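Each chain is listed here by its residues.
Protein chains: 2
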Amino acid sequence: MLSFTSRLVEKAVEQFATLPGIGRKTALRFVLHVLRQDKASVETFLAAIRQLKELIHECKRCHNIADGETCDICADPRRDATTICVVENIQDVISIESTGQFKGVYHVLGGIISPMDGVGPGDLHVDTLLQRVTAQPAREVIFALGATIEGDTTAYYIYKKLPRRDDLVVTTLAKGIAVGNDLEYIDELTLGRSIVNRIRFSL
Amino acid sequence: MLSFTSRLVEKAVEQFATLPGIGRKTALRFVLHVLRQDKASVETFLAAIRQLKELIHECKRCHNIADGETCDICADPRRDATTICVVENIQDVISIESTGQFKGVYHVLGGIISPMDGVGPGDLHVDTLLQRVTAQPAREVIFALGATIEGDTTAYYIYKKLPRRDDLVVTTLAKGIAVGNDLEYIDELTLGRSIVNRIRFSL
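Protein chains in written order, with the numbering used here: chain A, 1 to 203; chain B, 1 to 203.
Please note: incorrect hints may appear among the correct ones.
Where chains are identical, the list cannot tell them apart; a pair therefore holds if satisfied intra-copy or between any two copies.
What the hints assert, rightly or not - Straight-line distance between alpha carbons at most 20 Å, and here's what the computed SDA-like set of lysine to any residue pairs gives:
hint : residue 1 : residue 2
1    : Lys11     : Gly180
2    : Lys161    : Val196
3    : Lys39     : Gln51
4    : Lys60     : Leu32
5    : Lys160    : Ser194
6    : Lys25     : Gln91
7    : Lys175    : Ser3
Read the hints as simulated data drawn from the structure, not as lab findings.
Quantities reported herein were computed from a predicted structural model and do not represent experimental measurements.
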């Protein structure tokens with residue numbers, strides 16, 4: 001049990017320990033770091049977090065985080081607005097953006113259908129997705145959801161609601177072996193999928 | 001390379017990533033956590049850190065962190081003020097306090113003699129220690145410094161400056177095998193010390 005000898009330190013440790021994955025020992029390291037910093041640096045730190053909380057918007061089109069009314073991706077004319085990638089949350093947007101492989105736009109559902117957690121279709125941004133698909137006719141909807149029962153359920157639910165149009169393609173992420181993985185460590189389901197959905201070999 | 005699509009998020013990630021041991025991926029998890037929290041929780045978080053920085057004092061007696069003029073330990077009449085434990089920094093005070101095994105008081109040097117890092121005796125709170133030892137005659141000075149060349153140098157330097165009094169005992173932390181350790185994993189120096197400084201067996 002850590003003994004801090006200061007209420008101020010103890011309160012700051014408690015607060016840092018609310019961050020995900022941070023215990024009291026690491027929180028104490030953060031506190032000692034803050035005590036060593038000059039005042040201006042700590043002010044910059046606090047201001048960045050306060051502004052994050054106070055100034056951040058939700059993009060009115062795709063529900064991504066946004067600095068203004070629409071997010072940088074929706075506002076970018078170089079992005080293909082007819083290819084909509086459906087994701088669970090903003091973390092997934094960041095993950096896909098970080099690959100640099102996608103030039104379309106996103107739609108953030110804000111969750112995933114999960115009866116166990118009490119999350120139903122009504123809790124997700126499905127209606128606005130359907131409006132988008134129709135308003136500016138989308139050519140492709142990509143389900144970039146987790147390879148879980150909840151992900152499949154959510155994709156299936158939305159798929160049934162999408163308009164049946166010959167010029168609308170609905171796709172999902174490829175399942176297969178991870179790049180760099182040896183075959184022996186891959187579970188049977190994934191390996192099976194990767195054989196069934198094998199792709200043309202190219203160099 | 002993470003792509004955040006929001007300057008506010010990016011700035012907050014950068015700031016969290018200044019914390020020791022925190023990379024941009026973990027910083028992003030903190031940012032997403034902050035975005036999920038309600039406003040009051042985030043305010044509490046920010047206030048604890050601001051107050052830590054603005055209200056913390058240095059104990060005028062022992063240089064430990066203090067909420068007021070003197071720290072909780074120096075202000076506690078149940079602590080033995082004639083037994084002074086000399087440590088490098090406030091982290092060491094917290095470590096020793098957390099053992100619950102010490103009932104004396106501390107003296108925080110604020111560093112350790114290290115010519116390589118440009119830290120000399122003049123940079124440490126040695127003078128105030130000598131004053132304390134004399135002003136209220138101390139009966140024991142304990143060197144609780146790291147088992148390093150710097151720690152030994154610092155202890156030796158202070159030892160030479162301490163008054164030669166028959167009623168003043170100068171001690172240092174026991175070096176030996178860590179509790180729970182098997183002998184085969186212990187370095188020769190430590191094992192050698194633990195044999196030379198062996199103690200009476202007791203149950």
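Next on the checklist: Treating 20 Å as the Cα threshold, decide for Lys39 and Gln51: within, between, both or neither.
Outcome noted: Both. Shortest intra-copy (18 Å) and inter-copy (12 Å) distances satisfy the 20 Å Cα cut-off.
Checklist entry - At most 20 Å between C-alpha atoms: does Lys60 with Leu32 qualify within a copy, between copies, both, or neither? => result Cα proximity of Lys60 and Leu32: across copies only (19 Å, versus 41 Å in one copy).
Next on the checklist: Treating 20 Å as the Cα threshold, decide for Lys160 and Ser194: within, between, both or neither.
Outcome noted: Neither. Shortest intra-copy (26 Å) and inter-copy (73 Å) distances fail the 20 Å Cα cut-off.
Checklist entry - Is it within, between, both, or neither for Lys175 and Ser3, if the alpha carbons may be no more than 20 Å apart? => result Classified as neither: same-chain Cα gap 50 Å, cross-chain 24 Å, threshold 20 Å.
Checklist entry - From the Cα coordinates, with 20 Å as the cut-off, is the pair Lys161 and Val196 best called within, between, both, or neither? => result neither (27 Å within a copy, 80 Å between copies)
Checklist entry - Given a CA cutoff of 20 Å, do Lys11 and Gly180 count as a within-copy pair, a between-copy pair, both, or neither? => result neither (45 Å within a copy, 33 Å between copies)
Item to check | Same-copy or cross-copy closeness of Lys25 to Gln91 [CA-CA at most 20 Å] | outcome: Only across copies: Lys25 and Gln91 sit 11 Å apart there, 27 Å inside one copy, limit 20 Å.
In terms of the numbered hints stated before, the structure departs from hints 1, 2, 5 and 7, listed from lowest to highest.
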